[in-house]
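Spelled out, the chains give:
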Amino acid sequence: MAANFWTSTHYKQLLDPEDVDVVHPPDRERGITVEDFKLIKMQMVTYIWKLAQHVKVRQRVIATAVTYMRRVYTRKSMSEYDPRLVAPACLYLAAKAEESTVQAKALVFYIKKIYADEKYRYDMKDILEMEMKILEALNYYLVVFHPYRSLTHLLQDAGMEDMTQFTWGLVNDTYKMDLILVHPPHLIALACIYIASVYKDRDTTSWFEELRVDMNVVKNIAVEILDFYENHRSITEERVTAAFSKLALKA
Amino acid sequence: MEAFEKLEKVGEGTYGKVYRAREKATGKIVALKKTRLHEDEEGVPPTTLREISILRMLSRDPHIVRLMDVKQGQNKEGKTVLYLVFEYMDTDLKKYIRSFRSSGESIPVNIAKSLMYQLCKGVAFCHGHGVLHRDLKPHNLLMDKKMMTLKIADLGLARAFTVPIKKYTHEILTLWYRAPEVLLGATHYSTAVDMWSVGCIFAELVTKQALFPGDSELQQLLHIFRLLGTPNEKMWPGVSKLMNWHEYPQWKPQSLSTAVPNLDKDGLDLLSQMLHYEPSRRISAKAAMEHPYFDDLNKTCL
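Sequence lines, in order, name chains A and B.
For the first sequence, position 55 matches number 55 in the numbering used here, and the numbering has no gaps at all.
If you want the numbering used here, it's the 1-based position in the second sequence plus 1000.
Just to be clear, a hint being listed does not mean it is correct.
Here are the computed distance ranges between Cβ atoms for each label pair [to be verified]:
no., chain 1, residue 1, chain 2, residue 2, range
1, B, Arg1226, A, Leu14, 47 to 55 Å
2, B, Gly1229, A, Lys113, 43 to 51 Å
3, B, Arg1060, A, Arg233, 40 to 48 Å
4, A, Lys113, B, His1246, 46 to 54 Å
In short, the hints are calculated from the structure, not lab data.
All residues carry an ideal CB built from backbone N, CA and C; glycine is no exception.
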């Protein structure tokens, strides 16, 4: 939303990975593991994506919604804040914050269309109430920065515009992880460019050197992303269902 | 909301009432801006969300009104209400100018200068953080009469900009302070729109009268053209390509001193740079702070 990342509250709110992967006590009592926690969040990213396709919002609205959702779960438990309500409410809030308002009514309509499952059934009143709770959980800090803009500039600078689609897709996938809570967006963009250049066999060494960024950080983020892709293959529908069923258990 | 005792209603905005209130725990006087939520419809109004998130970002500057807290409460019907808790300021620039107009006195030169400097500083801070105010006017500039401090308020229309800046909604500024590129339907506009408003406010501080008091968009343009001359491609490259451009009566530029007679040479120079037609050549808030007009101002306590 804004232009200056370094003076933003987003920058000040970056977290250590250890503070992100914390399963809150009420969830732990239900047997939710860190892996379950990550899986459910990932599933909710998919949910936000699907909904967003129907209500037609820009990429950055989706990215902001996912960021809100991930921030909420650094502070609140899934037992108290049902992900299946938090996800659409975050999209609702992000659309407003990014100036492309979506009607709550439309969201309710598409939720029904996407999921037959009763557990996803929420009405307008629920979404509006959850919007207020999310605002409190976020302490009203709503400005979020994303890697997309840096990505475009950086690709231009590196003369790699032909990689736009590939790297853009990589950036999209980073939202399936918690990277946006941990790293400055431009470093995430650089990590995606790094992966692309290795994958497509482009020599970008001198370009990266001129940027004077800490290449170790960039490479570490790249490794995290590649690890994610590696693990992603082993995720099955059953594992997701199992994680969700734990959430339904009474502690 | 039991934490506050409402003392009196001090204003009413588009989205709700503003109260002077006392924080019970500390006795501190605050301004409570109460925001109705659209009943059962669309939750928190987007303008309120925008104001909150932008204030959360900017609230650290001495020339931006300080948002101390946000509280959720319930009204008598059990509906959710948002309270924005602001520091309390006892007046605003509109009332301040009006008080001089009715007494017939002039605003002392050093005070006008100090207020202008604080305004530029606040605007520079907004712009430095990627935020356009889009609705600067005397009414939105809060003041503390004793300390003679000025703070920018009402960021409801503000938004953070991304570069390149493009396509913001029209119909946003109060006409009198609206920049010509906005009136002419430019789709790409930027920090310069705020600087135009700052220029209009500057002139008003000196003359106690609005510089361009138009009551329709066309009339607003004609007010501007009459003083600054009808713009053409030579004065403002690209002006005739703007969406709302028509043929207008041809006026020649007048000297600014005809409209603002009591301003010194440096002041007139600064004002002319703020009222530059071509937005990209209009002076920035940061550059304005460095202008010789402010050389004799004691800036240490600002």
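Report the numbers of all earlier hints that the structure fails to satisfy, in ascending order.
2
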